[in-house]
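Asks: Take a look at the letters that make up each chain.
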Amino acid sequence: MDSVEFRKDFPILNRKMNGQPLVYLDNGATTQKPEHVVRALCGYYGGCNANPHRGAYELSVKATEIYEQARARVQRFINAARPEEIIFTKNATEALNLVAYSYGLNFVQPGDEIVISVAEHHSNLVPWQRVAKQRGATLKYIYLEEDGNLSEDDIETKITEKTKIVAVTHVSNVLGLVNDVRRVADKAHSVGAVCVVDGAQSTAHMQVDVQKLGADFFAFSGHKLLSPMGIGVLYGRKELLETMPPFLMGGDMIEYVEEQDATFAELPAKFEAGTQNVGGAAGLTAAIDYLEQFTFARIEQIEKELLDYALPRLRELPFIELYGCDTRRNNKTGIITFNVKDVHPHDVATILDAQGVAIRAGHHCAQPLMRYLGQNATCRASFYLYNTREDIDRWIEALQQVRKVMRL
Amino acid sequence: MNGLSEIYTELIAEESRNPENRRHLPHPTCCEKGHNPSCGDEITLELEVQDGRIADASFTGNGCAISQASASLMINLIKGQSVEKAGSLIALFQRMIKDEVTDVGELEELEDAAALQSISHMPARVKCALLSWRTLEKALDKPGRG
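Just so you know, the protein sequences line up as chains Y and A, in that order.
Take the first sequence: its letter number 347 is residue 365 in the working numbering, and every next letter is one higher.
Take the second sequence: its letter number 141 is residue 145 in the working numbering, and every next letter is one higher.
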């Protein structure tokens, strides 16, 4: 199978967990890093490290180049119109908070409405609660159709003339369904609202074109896309970013500083206070280079084959309950959320761990969605390009032990 | 599968599903909620404390087998004990889970709750085993608990 070709680039996949060969199925939480990325990170710190944008010496200039090249690389990768529309953050959470604090708190007025979906990760939910509370606005929810997709009726009726911000995830981290972001963005724009898109679960798995999506803001984390932890991206349309006040204050984001006042730098520096994560940016560039050797069509194909291989096998097991696996659209990504009947997800994860299989258990930072699904917690397996049919076989074999271990 | 049978013993598997302590008290003097925010496990502990003694105790909530079995075994252990004695049992249980008990004989005092000793080797599950005990500690620390 195709995936075997990628596995050689990820030495961590050869390690053992609890004495068993590792089966890593927690890519929704974070992906593993190919050697290319690890080398880029080490290469930066080993040979090019200096503080960018500051020193008038060769090494600092080199660090600045690496950092700004990363920005240009990300711009092309997600098809932003200009490099200064790419703001580096530490992750998607910080990127979404930047929008909430800088755009939300300044442009949302009492009586306005913010619309989000019930399938949001806490990072695209709790910041909006804060904006709504602080500004006296109302937070409204788009709920789901029976098959887990965003309710068409809700998109049509909840987004109104009062709506100032619509924030939705591109792919739900629990249901694994690709939302029709363009549809939501068009509706948002028709009432003069901005559309904020959480791309944490999509950017590593499909070709993202922020302009085609109609996103005004788009956030993603590097670490879910083969990159080091601590580097993330906020894309924002230039016209919007220019009207927004800075989020964090400090070095590198100013123009002139007087005793009582300051003026601020142009984009993108205005939103990048303090020394930035240049090593992380070098890693992100290497990750994008690595991914773009292949096409996203191929990555999607690998994940789809794994999904098509796993789902019928899971459906044969009478003790497995699946969530988000019956979509009527062709929009399912490689995320399978499930429960083992009568066994708590944490016990399932422990029993799988003992067999070398890494999955996620819990509420997946999506408590309102869990409540909506009527579950306290669930298990989640999530695939990436290096997963194989053997991984699926091992996972399913491990699942068959769960009820026995629990003496059911 | 090494180690799993030490954790999910028959006692723990069965106690996690035992409905006996999973109820509401008719006359609780104290209700305390406990929560592991990272995993979503939650319990509500109900106590009826009279004259410095825990006359009755129960819990409701949901969570993994370890947190549920631990809550049930804790209630079996502390019912009828003085508040002071319950405090020392909590401390002993916490020391066991942190692998700080050197004299195994000490653990006899914990009765069946000593079955959770194997959790001390499972850092990812320590907070599950401790949830009910921390909740009890909080409840007993409150002024006017009796």
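It is worth saying that the hints were derived from the structure and are not from the lab.
Just so you know, these numbers come straight off a predicted model, no measurement behind them.
Quick reminder that beta carbons are idealized off the backbone N, C-alpha and C, glycines included.
Careful: at least some of the hints might be erroneous.
To be verified - Think about it this way: if two alpha-carbon atoms lie no more than 27 Å apart in a straight line, the pair counts; the simulated DSSO-like pairs of lysine-lysine are:
(1) A/LYS102 x Y/LYS359
(2) A/LYS131 x Y/LYS34
(3) Y/LYS80 x Y/LYS322
(4) Y/LYS34 x A/LYS102
Claimed, not checked - From chain A, some residues computed to sit far from chain Y (all C-beta separations above 10 Å):
(5) ASN22
(6) ASN66
(7) GLN72
(8) GLU104
(9) GLU112
(10) ARG129
(11) ARG138
(12) LEU144
Asks: Each of the hints needs a verdict: does it hold here or not?
Replies: Now for the hints, and whether the structure bears them out:
| no. | hint | verdict |
| --- | --- | --- |
| 1 | A/LYS102 x Y/LYS359 | violated, 31 Å |
| 2 | A/LYS131 x Y/LYS34 | holds, 25 Å |
| 3 | Y/LYS80 x Y/LYS322 | violated, 41 Å |
| 4 | Y/LYS34 x A/LYS102 | holds, 26 Å |
| 5 | ASN22 | holds, 13 Å |
| 6 | ASN66 | violated, 5 Å |
| 7 | GLN72 | violated, 8 Å |
| 8 | GLU104 | holds, 23 Å |
| 9 | GLU112 | holds, 25 Å |
| 10 | ARG129 | violated, 7 Å |
| 11 | ARG138 | holds, 17 Å |
| 12 | LEU144 | holds, 27 Å |
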